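Go by the hints and put chain D onto chain R.
Now for the letters of each chain:
There are 2 protein chains.
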Amino acid sequence: MTISNVTWDFANLEFDRVGERMGLSEEELSGALPRARQAHDDLMRRRAAGQLPFYDLPYRGQEVGEIRQWADSAKGRWDDVVVLGIGGSSLGPAALLHALGRNALPPAPIPRLHFPDNVDPFEFDTLLRNLDLERTLFNVVTKSGGTPETITQYLVVRERLQHKLKDRAPEHLVFTTDPEKGLLRELSRAENIPAFGIDPGVGGRFSVLTAVGLLPAALAGLDLEALCAGARAADDEGTRPDVLFNPAYRFGLSLALLRDLKGAGTVVMMPYSNRLLGLADWFRQLWAESLGKRYDLSGAEIYWGQTPEKALGATDQHSQVQLYMEGPFDKVICFLEVADHGVDVVIPRFYPDRPALDFWGGHTLAELITAEKRATEEALRQAGRPSLTALFPRVDAFAVGHFLMTLEIATVFAGAFLRIDPLDQPGVELGKVLTKKALEK
Amino acid sequence: MTISNVTWDFANLEFDRVGERMGLSEEELSGALPRARQAHDDLMRRRAAGQLPFYDLPYRGQEVGEIRQWADSAKGRWDDVVVLGIGGSSLGPAALLHALGRNALPPAPIPRLHFPDNVDPFEFDTLLRNLDLERTLFNVVTKSGGTPETITQYLVVRERLQHKLKDRAPEHLVFTTDPEKGLLRELSRAENIPAFGIDPGVGGRFSVLTAVGLLPAALAGLDLEALCAGARAADDEGTRPDVLFNPAYRFGLSLALLRDLKGAGTVVMMPYSNRLLGLADWFRQLWAESLGKRYDLSGAEIYWGQTPEKALGATDQHSQVQLYMEGPFDKVICFLEVADHGVDVVIPRFYPDRPALDFWGGHTLAELITAEKRATEEALRQAGRPSLTALFPRVDAFAVGHFLMTLEIATVFAGAFLRIDPLDQPGVELGKVLTKKALEK
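Top to bottom, those sequences are chains R and D.
Our numbering puts the first residue of the first sequence at 57, with every later residue one more than the last.
Our numbering puts the first residue of the second sequence at 57, with every later residue one more than the last.
Calculated from the structure, these hints are not laboratory results.
None of these values were measured; they are calculated from a predicted model.
Be aware that one or more of the hints could be misleading.
[What the hints assert, rightly or not] Anything over 10 Å on all C-beta distances counts as not near chain D; from chain R, calculated:
hint, residue
1, Tyr115
2, Gly202
3, Asp223
4, Ala251
5, Ala285
[Claimed, not checked] BS3-like, lysine-lysine: derived pairs with alpha carbons at most 25 Å apart:
hint, chain 1, residue 1, chain 2, residue 2
6, D, Lys131, D, Lys220
7, R, Lys366, D, Lys366
8, R, Lys237, R, Lys492
9, R, Lys220, R, Lys131
10, R, Lys131, R, Lys222
11, D, Lys222, D, Lys131
12, R, Lys488, R, Lys237
13, D, Lys318, R, Lys318
14, D, Lys366, R, Lys488
15, D, Lys488, D, Lys237
16, D, Lys222, D, Lys492
17, R, Lys366, D, Lys237
Ideal Cβ placement from N, Cα and C applies to all residues, glycine included.
Just chain R, same shape as in the assembly (with noise of 0.2 Å):
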């Protein structure tokens, strides 16, 4: 296994890199020392109490190889997977085989795993009628068992399924639910559909190490024992007091800070590489559902947010960079940076006769989109505008494990540095309500 640790780079947030508008000085980051500490001890305090499990999910080994087991089990047996969920129980999965899956690209590997999380009927339609229901495989995954667009996505599998298999159809299907209740549990006992659990004290948010990632990912053959190495890895780093050499308190802090003492209520997550876009949207769940309230933990209205942006270099130079030079001091970037893409690609001197085509000759795609980002961060900087970099060394799952980890830390540290409850969502209830109120029959 190759140690891929996740490296961050912190400086060009600093006043004296990015100046006084932006960048945070000296004075600032110590003077949020004291309170930084109370928050990494009452994280300490609450996960020795058992209220934060996810800190622990990548310990299971006994869970990780069952998972497994039941995966093997089936080799060969699936052309597809299709997972059946939203949110937190697609977004995690999602962005595993998005950066590990080689899923995007023809000719995806056998089984090609689909995240149709949306009830786009035309979208679901063209799925469903592409499959061969003999070869695929549905992994229905909602935590409390009643997500609609789940469980209506499922009720219109189940018919065709029971239409095409008659009895066979249960053989289809794989739970992933609360371990002792809901409705996808009945039906599971009722039916004798396989059910794996979900720890019911991990949202859906910080579920990615739970069978909500882990399963899928063990059906596209990914490496969950690097995954979970890279996250013990990151919850190594993850617990030390030293606040300002933990990447993941760092993380939290700096961008709390950068919210409240200067305005940044914007953080833009880009990567230079299009396998690690799918974190930047696990990361919007993440940093948006968790830290978004009207509420602190003493009931004061604080209304609350920092707005989590993604975006993809270099691609995005060509249409977000010069708001993000020119325009609002409002945003902070976190670039994502890959130092060996695995493959690389020269660019052949075609034209020797002709210097602005020749210029680019020799070098490749790799020098020049890392030179891109570099470039990029180098004039935000001179424009005053502050941004970090986790530096994935390579795409690999223990890099990746080590990436999701740090930031489930970051995440629920920036929750105790606030005094922001980070695990609950209030503000979604209002929705769910008039959405069953108006097709009540």
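Below, chain D without anything else, positioned relative to chain R:
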């Protein structure tokens, strides 16, 4: 041809609907009208002087005919068409194909269109290795002829074509570039490679109705006539001097006022339809790059900008809506709703004895996704969060052309209203210089 006018609903931007914190009052709107009327006069004058040729693109029937003819003459020859372009040279055609081309899902119709806009070595190498070069056309798109990402991709492709096809290589290339000058134009002349022109007065982000968008659309068999007819209908609406009944002007005016009077630094485009997500990507460039500017026309420092974000309904209800409901009052949501998805999926009554499941039975996915959109809109309204809606009667070429042109007019109108030049992008120069410097030998 079906006349699928997109209709706009601005009611939930108003004071009496969303309250005073974020709602626009009649006084605020009418107070802005003198400046808005001046902006209209300004646009009409510049249009008449030939300074805004993007307005006239949907009237160029001859150019459209030539593009259609060239594409038709190659019918059946290509299994894959690869568009090499970035920013405005990719976002427009990719949005058209994503909305109208049924490109996203297998089995993709032949020819398959690909938009590898990034210089990601892994992604680009994987794509190239999976193409049959004998059956592939490459459309190289750069207006200046010198965009580094596109030129380097071209050099890689050029050598592989040469290696495989020898002197037949140029037959697998078509350029879209400046009609007279630049590197690609020179190569086109020297090597007898067909090349379509881009009006020199039309910038990348306004180029979707030039050959940049129309050639890939024609190769995919889309209806160019309906696309242009939709854009012409939007132009008819979009020249109405009555600002409040002109959807393009009202869009531009409302968003500018929400930014300046209410602090809405972010506009979220949120389609409730996967197919329309590419339009949100296209809009992100249009709005960010046109209006994110350090200086106004008088040279005063303004650091203006409103960050365009993309979200997908209903999916992002499980990711972003918690933040939109309870976070800072810094956003306006632009919903895209589809009346007729073209396909629908009935939710079956598979478990008549289980009320929680049977509740959904008999409804359709289209009913559900629409109910979710309206519930989210209403929940946001009750929380004092402004939104507007563009209603697509269906997802067809007329509606897409109508929508694209409306937003292009909205953008130049906002520029005229704010006294910002919407056609330049000075902020990206430094990054380009630093990139070249890093790669100098």
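Structure-based check of each hint:
1. Tyr115: It holds; R:Tyr115 is separated from chain D by about 28 Å at its closest Cβ, greater than 10 Å.
2. Gly202: 6 Å, violated
3. Asp223: R:Asp223 is indeed farther than 10 Å from all Cβ atoms of chain D, at 14 Å.
4. Ala251: 16 Å, holds
5. Ala285: 23 Å, holds
6. D:Lys131 with D:Lys220: Distance of about 22 Å is within 25 Å: holds.
7. R:Lys366 with D:Lys366: Given that 25 Å is the threshold and the Cα spacing comes to 9 Å, the pair holds.
8. R:Lys237 with R:Lys492: Roughly 22 Å separates the two Cα atoms, so the pair holds.
9. R:Lys220 with R:Lys131: Holds, at about 22 Å.
10. R:Lys131 with R:Lys222: 23 Å, holds
11. D:Lys222 with D:Lys131: 23 Å, holds
12. R:Lys488 with R:Lys237: Holds - the C-alpha atoms of R:Lys237 and R:Lys488 are around 21 Å apart, at most 25 Å.
13. D:Lys318 with R:Lys318: 19 Å, holds
14. D:Lys366 with R:Lys488: 22 Å, holds
15. D:Lys488 with D:Lys237: Status holds; Cα separation ~21 Å.
16. D:Lys222 with D:Lys492: Answer violated: D:Lys222 to D:Lys492 is near 31 Å, above 25 Å.
17. R:Lys366 with D:Lys237: 36 Å, violated
Hint compliance for this structure: hints 2, 16, 17 are not met, and every other hint is.
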